[in-house]
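Engineer: Line order of the protein sequences matches chains A and B.
If you're matching positions, the first sequence starts at 1 in our numbering and goes up one per residue.
If you're matching positions, the second sequence starts at 1 in our numbering and goes up one per residue.
Just so you know, the hints here were simulated from the structure itself, not pulled from any lab data.
C-beta: ideal position from N, C-alpha, C; glycine also.
One should not assume that every hint holds.
[Claimed, not checked] Which residues of chain B face chain A? A few of them, derived with a C-beta cut under 8 Å, are:
1) Lys81
2) Phe127
3) Ser316
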Amino acid sequence: MATVIRVEGISKTFKIHHERHQSLKERLLHPRSGSTEVFDALADINFTVDTNETVGLVGHNGSGKSTLLKCICGVLQPTSGQIRIRGSLAALLELGAGFQPELSGRDNVYLYGAMLGFSKKMVDGIFDSVVDFSEIEQFIDTQVKFYSSGMYVRLAFAVAVNVDPDILVVDEVLAVGDERFQAKCIDRIRSFQDEGRSILFVTHNADQVRAICDRAIVLDGGRMIADGPTHESLRTFREHLMGTAQEHDRSGLLASISIDSITTPSGSFDVRSGAGMHFDVAISSQSAYSGNFIMEIFTRKGMLVSRSDAKGSPVNLTPGRNSVGIDLPQIPLLDGIYDINVGVVDPHGNTVIAWREQAASLQVTYDGREGGLVEMGATIHQQ
Amino acid sequence: MSDDSSARVERRSIEDASFRVVSARDSLPTRLRNLWDRRELLSSLIRSDVRIKYKNSALGIVWSMLTPTLFLAIYWLVFAKFLKNGIPNFVVYLFAGMVVWNMFNTSLSTATGVIVVRSGLVKKVSFPREILALANVGSATFYFFIQLCVFGLYLLIVRHAPDYSYFWLLPIAFLALYFFTAALAVVMSAITVYMRDMEHFILIILQLWFFLSPVVYSYEHSIAPQLHAHGLAWLYFLNPVTLIMLTFQRAFYVATVVHSTTPLVAGGHTFSLIKVLPSWPMSTYFYLDISLLAIMVALFLVAEVVFGRLQGNFESEL
Numbered sequence: 001m002a003t004v005i006r007v008e009g010i011s012k013t014f015k016i017h018h019e020r021h022q023s024l025k026e027r028l029l030h031p032r033s034g035s036t037e038v039f040d041a042l043a044d045i046n047f048t049v050d051t052n053e054t055v056g057l058v059g060h061n062g063s064g065k066s067t068l069l070k071c072i073c074g075v076l077q078p079t080s081g082q083i084r085i086r087g088s089l090a091a092l093l094e095l096g097a098g099f100q101p102e103l104s105g106r107d108n109v110y111l112y113g114a115m116l117g118f119s120k121k122m123v124d125g126i127f128d129s130v131v132d133f134s135e136i137e138q139f140i141d142t143q144v145k146f147y148s149s150g151m152y153v154r155l156a157f158a159v160a161v162n163v164d165p166d167i168l169v170v171d172e173v174l175a176v177g178d179e180r181f182q183a184k185c186i187d188r189i190r191s192f193q194d195e196g197r198s199i200l201f202v203t204h205n206a207d208q209v210r211a212i213c214d215r216a217i218v219l220d221g222g223r224m225i226a227d228g229p230t231h232e233s234l235r236t237f238r239e240h241l242m243g244t245a246q247e248h249d250r251s252g253l254l255a256s257i258s259i260d261s262i263t264t265p266s267g268s269f270d271v272r273s274g275a276g277m278h279f280d281v282a283i284s285s286q287s288a289y290s291g292n293f294i295m296e297i298f299t300r301k302g303m304l305v306s307r308s309d310a311k312g313s314p315v316n317l318t319p320g321r322n323s324v325g326i327d328l329p330q331i332p333l334l335d336g337i338y339d340i341n342v343g344v345v346d347p348h349g350n351t352v353i354a355w356r357e358q359a360a361s362l363q364v365t366y367d368g369r370e371g372g373l374v375e376m377g378a379t380i381h382q383q
Numbered sequence: 001m002s003d004d005s006s007a008r009v010e011r012r013s014i015e016d017a018s019f020r021v022v023s024a025r026d027s028l029p030t031r032l033r034n035l036w037d038r039r040e041l042l043s044s045l046i047r048s049d050v051r052i053k054y055k056n057s058a059l060g061i062v063w064s065m066l067t068p069t070l071f072l073a074i075y076w077l078v079f080a081k082f083l084k085n086g087i088p089n090f091v092v093y094l095f096a097g098m099v100v101w102n103m104f105n106t107s108l109s110t111a112t113g114v115i116v117v118r119s120g121l122v123k124k125v126s127f128p129r130e131i132l133a134l135a136n137v138g139s140a141t142f143y144f145f146i147q148l149c150v151f152g153l154y155l156l157i158v159r160h161a162p163d164y165s166y167f168w169l170l171p172i173a174f175l176a177l178y179f180f181t182a183a184l185a186v187v188m189s190a191i192t193v194y195m196r197d198m199e200h201f202i203l204i205i206l207q208l209w210f211f212l213s214p215v216v217y218s219y220e221h222s223i224a225p226q227l228h229a230h231g232l233a234w235l236y237f238l239n240p241v242t243l244i245m246l247t248f249q250r251a252f253y254v255a256t257v258v259h260s261t262t263p264l265v266a267g268g269h270t271f272s273l274i275k276v277l278p279s280w281p282m283s284t285y286f287y288l289d290i291s292l293l294a295i296m297v298a299l300f301l302v303a304e305v306v307f308g309r310l311q312g313n314f315e316s317e318l
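One chain only, chain B, in its complex shape:
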């Protein structure tokens, strides 16, 4: 008898449950809701991703800082010492840009091939497939925050004071970066299923992209004068990463105009002032960042739609 009653309880709870629908094509709101429902899977995947990466290495999480530090040292040596770009405190400038770049770079280079790499899982277990790409963006975000902490530590050591009044802009800029990276990662992971070359192609694109972003040079100093002369400054800002980097650099590097460490000679005059960052007021940064964020959220939604279209044929391509 007790068996009977427990079975009845079971049945009632089933009757209360609503139907989930599996159909040929899910609408965007359904897809987003599914994504939200599986957020715990996302965090599990991120955690396992981070864990696996350092599970068998002696230095563990230190590796996620060692490589960026090495690159930082090389860029500093090449641009500040050998090429004498004259920007004082160049490491701080570099660091602010590198933190942003590493997040973007790590996400895209790992997420692009992720659906192909984990095709075994994709063909057998049911979950929103883009979670795999988002998990890679998520673990890159984790490293981003670690690097940010190291950056903070470095600022303390060299006694460089960031401009705290700009800090409230950083979450906006970071979210814009996150959505942009996520959108690209989701779309690229789907495209790679159909064109396996993408895995290699993206690495070249990323190399190029690095130099199209103001990490190792100053936009205001090196690029702006030439572009402004032709009225083409907007072209450079088509790269969403630029604005995000400028925000980070403005908050951490602070000075927009600095005295050059190496006097420059041009047209017979000696210059000692370098314009490193745009001299926009805070409100301009805010409006630019907030509109960028809006565009990037929209871009992410577009990426979701594109992914939904592409994933229909995954099983015949994987």
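Excised from the complex, chain A in its bound form:
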């Protein structure tokens, strides 16, 4: 394994002008007015990315993840520290930012390639696959200003992934394009992984990180709060989100409700595949609250198996100890350990009121012949 990105003590401070004096007159009239605030977008970030690694960069809005990404891509200069990069890097930051609307798609492919730092000869070599991937061969000689926004992004994405970079940097671009194109992009990212290249993937969609990354880095307020295997980092991320939510909770609602324990009648979390199970969740509350209840089951690799809620019937909490029962009539899971997360959310499902990450671990034993995640009970016969 070789290191391709080495981030060493990166900090970035922005000066925020409260009053902007950008014209000569204003500068002369108010030489010193307009207060300036210094804002630390990133503080002392250190990590490395190796070949054959897909690293997710997670954080909520304003956590500094995009700033960090821009520093790595060289769009922003860090205030201190340095980043060492090896091999070619293609960034899917803002797709199509380099496009010239007046030029044809063909010309823009070359221009965009040059902007990403690839020679004309290289773009010549991949031109057909770019057009093929973007699915706009009919319009390749049309001026880009006549393209739909989807075509625009598809063309840009096609250039970026076909120029054969050693490092691919992806920033929330998978939100564009229709489902089929998205699947194609994920596909391409997977083949990148198979080829042993490095991918840096930025998003605040935890499910996407779980699906793609084997390692995740969590940023909050410009600081790194976690760096490790995806599911561990995401757990830290969620717990941290709960922590900050409690700090900002004026009514004190979040602090008043907590999930104490999750138990089974037998006291054991071992179960045979196909059998049913019952959980008792003990919740203590200081006030009355009516909300929804959520249970998630994850594999140890961090893949979401199932998420279920109280299905429209609210959970009414009264002051004191409350008990919520969860019935699983039949667990079709195959061999393995599964983590269970439980939580109380508001009736609309927007705000998490109380959350217990990895409240219990389910040990499933299975002795059938099926492989994968769940037992479908399929029978196969000749007709």
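Chain A is fixed; fit chain B onto it per the hints.
Structural biologist: For chain B alone, kept in the frame of chain A given last:
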């Protein structure tokens, strides 16, 4: 298994690659090397710049000659016909100066605002930012050569013979012009990010600059006598464009002293001789041009350093 081996090949090539460093401030040699590494982007930008300009116009590239030709006609009418400056073959004289001036003028008026105009790109894609300004200088250079061709054609038509022995000085003078223009363009594009007025200000400066350069009048005839009397001739040569124009005019217009087309009367005597160009020997032109080139290359390096300092805060100003 084949997957495995291809992955190994990939890894080995990565291990061979050297680290690029992104840090707070790059040194001048690093910046120049980055600039050189991205020369293909520069040529792509120049090509797209030229293409976009004429993409939707019926006359296409002809426009890059039409405007200068119009100005040429106006200046000829005003200075040679109405004001009777007495310089024969005035169009040839004008043309030689205008070609130089247009290159300078077009570069600066387009490059000054370019980083603000393309802030979307600057904030999202990584490349040496001064390339945007240099691309504008580059497309102006392209028009410069087109105009030079038209000039050559005109000389053939009017059967005016340039002094070919001076032609070898032209590349030196042109390079000096290129580096001077590039230096100013790079610095101005960065300053405009902080002071948006510059975009308008530069147009006024350029108007003034035009008349401080010997395009529509002759330095030797109109300016030199007054300045020489006070020993201030050097003042006029602080404008680097002057020397470049004189070189071009010497090569194309050739004659340093001409018979006036309109006899001048001063102090009771009738003059018919006009000193149009300085009567320096070729070696003087060479030494002046080559030292100018050296100074302009140094100026360009200074401009690069200044740009490097200024670009650190671009993202909070754009």
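Engineer: Give a verdict on every hint.
Structural biologist: Results of checking the hints against the structure:
Hint status for B:Lys81: violated, given a least beta-carbon distance of 40 Å to chain A, over 8 Å. Proximity of B:Phe127 to chain A holds as hinted, the smallest CB-CB distance being about 6 Å (cut-off 8 Å). Because the smallest distance between the Cβ of B:Ser316 and any Cβ of chain A comes to about 5 Å, under 8 Å, the interface hint for this residue holds.
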